[in-house]
Amino acid sequence: MSPPVAPAGWSRWLVPPAALSVHLSIGQAYAWSVFKPPLESALGLSGTQSALPFQLAIVMLGLSAAFGGTLVERNGPRWAMTVALVCFSSGFLVSALGAATEQYWLIVLGYGFVGGIGLGIGYISPVSTLIKWFPDRPGMATGIAIMGFGGGALIASPWSAQMLESFGSDSSGTALAFLVHGLAYAVFMTLGVLLVRVPRGARPVAGGPSAVEGVQVSASSAVRTPQFWCLWVVLCMNVTAGIGILEKAAPMIKDFFADTDTPVSVSAAAGFVALLSAANMAGRIGWSSTSDLIGRKNIYRVYLGVGALMYALIALIGDSSKPLFVLCALVILSFYGGGFATIPAYLKDLFGAYQVGAIHGRLLTAWSTAGVLGPLIVNWIADRQEDAGKHGSSLYTLSLFIMIGLLAVGFVANELVRPVHARHHHVPAQREAADVERQQPESAA
Amino acid sequence: MSNDSSPSPQPDRRPLIAFAWLWVGAPLVYGLYELVRKATQLFTG
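Taken in order, these protein sequences are the chains called A and B. Each residue of the first sequence is one higher than the last, beginning at 1 in this note's numbering. Each residue of the second sequence is one higher than the last, beginning at 1 in this note's numbering.
Hints in this document: simulated from the structure, not taken from any laboratory. Where hints are given, some of them may not hold.
Stated by the list, open to error - For each label pair, taking beta carbons as the anchor points, the in silico distance ranges come out as: (1) A:71 <-> B:44: 17 to 23 Å; (2) A:205 <-> B:44: 46 to 52 Å; (3) B:26 <-> A:421: 31 to 37 Å; (4) B:29 <-> A:421: 46 to 52 Å; (5) B:44 <-> A:317: 22 to 28 Å; (6) A:220 <-> B:17: 44 to 50 Å; (7) A:7 <-> B:44: 51 to 57 Å.
Said to hold, decoys possible - According to the in silico footprint, chain B covers these stretches of chain A (three or more CB under 8 Å from chain B): (8) 20-29; (9) 105-118.
Yeah, the Cβ is synthetic: ideal placement off N, Cα and C, and Gly gets one too.
Take these sequences, add in the hints, and give me the full structure.
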């Protein structure tokens with residue numbers, strides 16, 4: 001399947017909504033928790049069992065993004081969006097069958113395995129294309145798409161809840177909800193499949209920068225560079241730190257102010273979690289766009305350096321002021337979102353647009369690792385502290401200092417990022433130049 | 001000078017752009033509205 005080339009006069013502003021139609025859909029994954037209570041009551045599942053489809057979906061996201069990236073580059077964004085549409089929607093349809101027949105393994109297979117492949121391929125599907133359309137503003141372009149992944153849960157969470165309320169939360173009501181989700185997302189994602197185009201030439205805007213000039217590195221070469229692994233560490237540390245807050249946000253704010261004159265109610269804690277989601281989403285578009293102005297390395301210095309400072313403020317004086325606690329947490333979550341959204345543009349800066357989608361897919365294994373690390377650190381430490389008789393904010397002090405340490409590791413990794421050596425460059429002319437340099441090392445000194 | 005050499009007029013993409021942004025913008029606005037409703041509980045709850 002050859003990538004769909006834009007006809008003359010095609011507007012590049014049609015590509016972000018194409019990307020958003022996919023990312024807003026697959027972002028539903030973060031609203032899986034809406035389906036947990038009805039599944040638990042209808043099928044007699046435990047909380048751990050009902051989380052299985054989501055966990056498998058996230059594992060499949062990482063694996064399919066890592067291993068499917070080269071296919072996405074080869075076959076183009078329309079192919080990738082079609083695969084994402086078919087997998088994501090049929091995952092819901094298989095789950096509907098599973099709920100209707102009360103066969104839970106079908107829900108795990110459908111939503112987790114098949115749908116998870118749709119998540120991974122869909123996540124990376126527009127990245128390379130957006131960067132080629134917006135070589136002048138790659139941070140903003142990928143920020144819009146990746147903001148959609150955050151926005152997907154905001155839409156799906158109330159929508160799915162209202163649907164379950166209307167259809168009922170028994171197995172047939174849940175099956176019907178899965179069916180409607182599968183069909184609705186198929187229709188919604190079709191816009192992306194129909195609209196997405198790759199630019200006709202290397203210069204999508206007359207007189208603007210070219211998408212393919214400068215360094216170009218293939219995905220297989222990129223993973224052999226120290227730059228790739230530095231960015232892997234940067235992303236992993238930034239995401240681990242963000243998830244640390246996100247995972248325990250509601251109990252954390254309640255525990256922090258439990259012994260004060262202004263304890264936090266359950267509904268206020270839910271409001272805090274919603275506010276964090278907004279900061280996460282705003283950070284994706286806001287900080288990623290800012291990176292186009294101040295540079296990728298500098299923006300990660302802010303994410304990691306100022307992020308560590310925010311964690312320190314929460315750890316040291318967070319329980320003295322609720323507004324300060326909320327403000328610091330919002331900034332951290334905006335950096336968490338920004339870190340996700342800026343990484344494709346950072347990869348483009350280092351490795352070029354040639355196979356940036358595939359490289360991004362491989363880098364997302366850092367996300368999968370962080371998804372395990374972050375909650376593990378915060379939950380395990382909080383449990384141990386509770387066993388030791390601690391309460392309130394002191395339950396989290398050690399975790400917060402560990403997060404600061406992780407951000408410091410990420411900061412150092414970011415500082416170690418240098419331009420990629422010419423021996424990794426894809427363009428034959430550049431490779432020849434590297435060979436000449438290797439043969440004459442003394443004369444160059 | 002022959003008219004054959006003049007470039008063919010390009011279609012106006014603005015309606016399609018508006019439709020595409022509305023397609024993705026409408027559900028996003030709904031999601032944000034629900035989010036704001038919930039977030040206000042932090043100050044009122």
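Verification of the hints:
Remark: the range hint 17 to 23 Å for residue 71 of chain A to residue 44 of chain B is contradicted by a beta-carbon distance near 50 Å. Residue 205 of chain A and residue 44 of chain B have their C-beta atoms about 47 Å apart, which keeps the hinted 46 to 52 Å range intact. Range check, residue 26 of chain B to residue 421 of chain A: Cβ separation about 48 Å, and the 31 to 37 Å hint is violated. The hint said 46 to 52 Å for the Cβ distance between residue 29 of chain B and residue 421 of chain A, and at roughly 47 Å that hint holds.
For the pair residue 44 of chain B and residue 317 of chain A, the supplied restraint of 22 to 28 Å holds, since their beta-carbon distance comes to about 26 Å. For residue 220 of chain A and residue 17 of chain B, the Cβ-Cβ distance of about 37 Å falls outside the hinted range of 44 to 50 Å, so the restraint is violated. Between residue 7 of chain A and residue 44 of chain B the Cβ separation comes to about 52 Å, which falls inside the hinted range of 51 to 57 Å. For the segment 20-29 of chain A, the stated coverage by chain B is satisfied: 3 residues place a CB nearer than 8 Å to a CB of that chain, which reaches the threshold of 3.
Counting residues of the segment 105-118 of chain A whose CB lies closer than 8 Å to any CB of chain B gives 0, which falls below the minimum of 3, so the coverage claim is violated.
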